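Protein sequences appear in the order of chains X and F.
Sequential numbering from 16 applies to the first sequence in the numbering used here.
Sequential numbering from 16 applies to the second sequence in the numbering used here.
Certain hints may be false.
Because identical chains cannot be distinguished in the list, a pair is counted as satisfied if it fits within a single copy or across any two copies.
What the hints assert, rightly or not - Below 25 Å or equal to it, Euclidean Cα-Cα: the simulated DMTMM-like pairs (lysine to aspartate or glutamate) are:
{"hint": "1", "residue 1": "K41", "residue 2": "E270"}
{"hint": "2", "residue 1": "K41", "residue 2": "E185"}
{"hint": "3", "residue 1": "K41", "residue 2": "E87"}
{"hint": "4", "residue 1": "K41", "residue 2": "E79"}
{"hint": "5", "residue 1": "K115", "residue 2": "E240"}
{"hint": "6", "residue 1": "K41", "residue 2": "E91"}
{"hint": "7", "residue 1": "K143", "residue 2": "E390"}
{"hint": "8", "residue 1": "K115", "residue 2": "E79"}
{"hint": "9", "residue 1": "K143", "residue 2": "D394"}
{"hint": "10", "residue 1": "K115", "residue 2": "D38"}
{"hint": "11", "residue 1": "K41", "residue 2": "E92"}
{"hint": "12", "residue 1": "K175", "residue 2": "E185"}
{"hint": "13", "residue 1": "K115", "residue 2": "D219"}
{"hint": "14", "residue 1": "K115", "residue 2": "D234"}
It is worth saying that the hints were derived from the structure and are not from the lab.
All figures in this text were calculated on a predicted structure; none of them were measured in a lab.
2 protein chains.
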Amino acid sequence: MRVVEVRERAVPIASQIANAYIDFGKMTASVVAIETDLVRDGSPLTGYGFNSNGRYAQSGLLRERFIPRLLEAEPEELLEAGGENFDPHRVWAVLMRNEKPGGHGERSVAVGALDMAVWDLVAKIAAKPLHRLLAERFGDGEPAATVSVYAAGGYYHPGKDEAGLVEELEGYLGLGYTTVKMKVGGVPLTDDLRRIEAALGILDGDGSRLAVDANGRFDLPTAVEFGAAIEPYGLRWYEEAGDPLDYQLNARLAESYPLCLATGENLFSMQDARNLVRFGGVRPGLDVLQMDPALSYGLTEYLRTLAAIEAEGFDRRSLVPHGGHQFGLAIAAGLGLGGNESYPGVFQPFGGFADGIAVKDGEVGLPEVPGIGFEAKADLFAVMEAV
Amino acid sequence: MRVVEVRERAVPIASQIANAYIDFGKMTASVVAIETDLVRDGSPLTGYGFNSNGRYAQSGLLRERFIPRLLEAEPEELLEAGGENFDPHRVWAVLMRNEKPGGHGERSVAVGALDMAVWDLVAKIAAKPLHRLLAERFGDGEPAATVSVYAAGGYYHPGKDEAGLVEELEGYLGLGYTTVKMKVGGVPLTDDLRRIEAALGILDGDGSRLAVDANGRFDLPTAVEFGAAIEPYGLRWYEEAGDPLDYQLNARLAESYPLCLATGENLFSMQDARNLVRFGGVRPGLDVLQMDPALSYGLTEYLRTLAAIEAEGFDRRSLVPHGGHQFGLAIAAGLGLGGNESYPGVFQPFGGFADGIAVKDGEVGLPEVPGIGFEAKADLFAVMEAV
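Input sequences plus hints: build the corresponding full structure.
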């Protein structure tokens, strides 16, 4: 059993949306395919992966370093004992050969895309859905039948007013979501408060159904001021108030804001996530951790992150991965995490879940197909097959 | 005044050396050239930069994102008020457009190479050596005439014994260095202690002339054990004992090891360096901080790092940049830092300083040529001119 070929293509996931920090008009993603010498249904068995949104395609790093290392490895270096399947931990070690510690950005995205494809392969070889394989290996044996998902949207558009925001969020409710998230921090506080109140107007005034996301834009005084202003609404969470690496800011904000804070989508390694829980004032049982396995060296590193976070006293239900992709969904179901993000309608075709499985009461099921489930999402699989 | 063309080439800096973590047999570096429409001596005025050792060439990221952003900018977006020169801070902001916060690796190297070329240009347009320009803008007006440098070596080679180590280190002393650094952590403790004692044998037994570098290999118990074993030698410093992002390890080690600890070469942003001094138990006036401006978004970010570290109560003489390149040397002289690394004989032609300026009593001078001084180092400038 060996890897025959590894292909990569950068594709646009341009969206006419903006958060408080960047616009997504030039966003790209790498799609990777790892083809083996195994044959299923007359075709070479192939694992697929991609990089999650918010970071760019990694064509250069993949071609310069990571794909060559995978192809130069001896076939047996990549296999588990007995040679029945690939061993993602051994593959990961091959990918990270001759890489120094520290500096967790970009390469974490490149490796994450390949690692996703490896786990897709491993589950396909085992002829199981990934969420089932993960529950057996790392969970309590049985995956969750459904995963709690929330609709992330509420982006700023030029000319979009409260009516536009309400219309967008009503669309998510119509799709079966019960909790929604909106961007804040891109306009003055009073304007954001008006937007929040408009959103609450279609959520029965129930703040626990609305999260807000500042995308790391605030300094400490602004973050504290914003927190004080939104505290009466009792929101589901207040996300990424300050720079993702400013643990001190997060810790000080946690002293003044008694409700749920969420962060972690821009931390790309076990070490960075561990620093957040060690130094960021994160409160077990209250706050939410959003590391995205696809952006942070894949599931293989995410398992280390999970272990590190549990060792610091956190329950894995504190973890709700960023990204809104099937990989995060399978991991959430298999490992018993607290939920998964969802971006209805944007970052297509990478965002969203299997065709024909609707969100219902804020929960979504998973397809019972081997691998991550890409073959059960036609628009995405069409892009993957073309790579 | 405008940028006409930006060129990049990846070149090997392969060395037959290994530290405790990686071998350098496949190491590469990006060389960049920013050509303007200004003319000096009949040629287009051009700024040069490269990435420092330990991280790889960044051809992909430079071509995919950073060079296009520079070329797409309006010429005036890159200039200081009055238009007399480029403004590195404005250029930096253009390079980092549509980049999310967090994830400081790889792109920090790509941006660092371009930022080096921008500062080379700025000093050339001002017709001053960079160290002089920096002293005027950010220092006390007059750069240091010489900078304290130490010879970093003592790598492991297959078959290299204590005699080989001593021969190597004697070579550095013969070149005018008084302080040397050697790798540790790649062999059992007793072997490393024998190597250290051999080195001390040619340093008059003076531990203050010898530093050791574990390249992030140790866990906490091993780091503490190693520290206890070397404490009697009174070494200059004990470098990067554990993972560069394990601030807790560094803090606990600092509780048990009373002498100088050094770290920081694998932290690539102001935020990461600030976390080190906030949470890593770093002791002002004792420990050494080694962030490499070339690997960490350039001098423009390094100025922010410097300000953040000074705000946390550190003196800038605590800073001794990693990398052994002319950029670090000019920054150390101009800003009044505590010294600069040097790698005699390896990472050529990027390592090392100007031709004809010898190290004397552990100090080295700088050439009085406009820019960073690349034109005064023939082997390096030959590579740059070819780009």
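Checked hints:
1. For the homomeric pair K41 and E270, neither the shortest alpha-carbon distance inside one copy (38 Å) nor that between copies (48 Å) is at most 25 Å.
2. When the C-alpha separation of K41 and E185 is checked against a cutoff of 25 Å, the pair qualifies neither within a copy, at 28 Å, nor between copies, at 55 Å.
3. When the C-alpha separation of K41 and E87 is checked against a cutoff of 25 Å, the pair qualifies only between copies, where the shortest distance is 13 Å, while the shortest distance within a copy is 33 Å.
4. Taking the shortest alpha-carbon separations for K41 and E79, both the intra-copy value of 23 Å and the inter-copy value of 11 Å come in at or below 25 Å.
5. Only between protomers do K115 and E240 lie at most 25 Å apart by alpha-carbon distance; the minimum there is 23 Å, versus 40 Å within a single protomer.
6. Taking the shortest alpha-carbon separations for K41 and E91, only the inter-copy value of 23 Å comes in at or below 25 Å, while the best intra-copy value is 40 Å.
7. Taking the shortest alpha-carbon separations for K143 and E390, only the intra-copy value of 13 Å comes in at or below 25 Å, while the best inter-copy value is 62 Å.
8. In this assembly of identical chains, K115 and E79 lie within 25 Å of each other by CA distance both inside one copy and across copies; the values are 16 Å within and 23 Å between.
9. Within a single copy, K143 and D394 get their C-alpha atoms as close as 22 Å, which meets the 25 Å cut-off; across copies the closest is 58 Å, which misses it.
10. Taking the closest pair of Cα atoms, K115 and D38 come within 25 Å of each other only across two copies (10 Å); inside a single copy the shortest separation is 32 Å, beyond that limit.
11. Within a single copy, K41 and E92 get their C-alpha atoms only as close as 38 Å, which misses the 25 Å cut-off; across copies the closest is 20 Å, which meets it.
12. In this homomeric assembly, K175 and E185 come within 25 Å of each other (Cα to Cα) only inside a single copy, at 15 Å, whereas the closest approach across copies is 70 Å.
13. Taking the closest pair of Cα atoms, K115 and D219 never come within 25 Å of each other, the shortest separation being 52 Å inside a single copy and 34 Å across copies.
14. Taking the shortest Cα distances, K115 and D234 sit within 25 Å of each other only across copies (16 Å), while inside one copy they are farther apart (32 Å).
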